[in-house]
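Can you build the whole structure from these sequences, using the hints too?
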Amino acid sequence: GAGVSQSPRYKVAKRGQDVALRCDPISGHVSLFWYQQALGQGPEFLTYFQNEAQLDKSGLPSDRFFAERPEGSVSTLKIQRTQQEDSAVYLCASSSRSLGGLNTEAFFGQGTRLTVV
Amino acid sequence: AQSVTQPDIHITVSEGASLELRCNYSYGATPYLFWYVQSPGQGLQLLLKYFSGDTLVQGIKGFEAEFKRSQSSFNLRKPSVHWSDAAEYFCAVVADTGRRALTFGSGTRLQVQP
Chain Y
1 GAGVSQSPRY KVAKRGQDVA LRCDPISGHV SLFWYQQALG QGPEFLTYFQ
51 NEAQLDKSGL PSDRFFAERP EGSVSTLKIQ RTQQEDSAVY LCASSSRSLG
101 GLNTEAFFGQ GTRLTVV
Chain R
1 AQSVTQPDIH ITVSEGASLE LRCNYSYGAT PYLFWYVQSP GQGLQLLLKY
51 FSGDTLVQGI KGFEAEFKRS QSSFNLRKPS VHWSDAAEYF CAVVADTGRR
101 ALTFGSGTRL QVQP
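Sequence order for the protein chains is Y and R. Each residue of the first sequence is one higher than the last, beginning at 1 in my numbering. Each residue of the second sequence is one higher than the last, beginning at 1 in my numbering.
Source of the hints: derived by calculation from the structure; they are not laboratory data. Be a bit skeptical, because a hint or two may be false.
Pair ranges (Cβ atoms, derived) [unchecked claim]:
1. Ser70/R <-> Val117/Y: 45 to 51 Å
2. Asp8/R <-> Thr115/Y: 24 to 30 Å
3. Gln111/R <-> Arg9/Y: 23 to 29 Å
4. Ala20/Y <-> Pro79/R: 32 to 38 Å
5. Arg15/Y <-> Ser106/R: 25 to 31 Å
6. Tyr10/Y <-> His82/R: 39 to 45 Å
7. Ala1/R <-> Val117/Y: 46 to 52 Å
8. Gln58/R <-> Gly28/Y: 23 to 29 Å
9. Thr115/Y <-> Ser52/R: 38 to 44 Å
10. Thr76/Y <-> Ser72/R: 34 to 40 Å
In this text, a Cβ means the ideal position worked out from N, Cα and C, and glycines have one as well.
Here it is as structure tokens:
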């Protein structure tokens, strides 16, 4: 596609509910990142994929968070048993180079705003 | 661990005035530095980046930034601000080894007065 697409744009979940957030990166982009952006804060790294391999998941805040990218394109971030502190904007970014492509730009999606009530 | 500090949470400038947004980083080796802009409801857009070489880098939309190693700073500047520049600005750093993820500052919200 023309850009990174994320869906849904908005999600309201009841506490304890499971949610799945989808990211469609730019076609052919090797690297994919997930970030969490709390209100009034900068984005914080969650996890990184190179193709289908999850090379870094050190930013995932708990074992309730799980991400996958089974075919090396679309990625899904799943949050189980959501808590109020999970309320945030979840951003996905992709870039064309491997290992995050320091010399290439990471393109960000518009994000999914998750509100846990 | 690397970190980024943006001391100004909120800045208001008049249209046509100059702008400087501050960014300080903490990282032992040579950092790779970025400035992103986020408009309401929009994703992050890269304004400019510094990897090496000339310490004054030019970006899109008339922005520039200067890397000062002695001050651990990477301040963003624009000589004349336009109303459309109102947005949230984030400074970010990435390590040159291992983890490739960006570490962001907490952002500076820019308001432009007519």
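Legend entry - Hints violated by the structure (listed by number, smallest first): 4, 6 and 7
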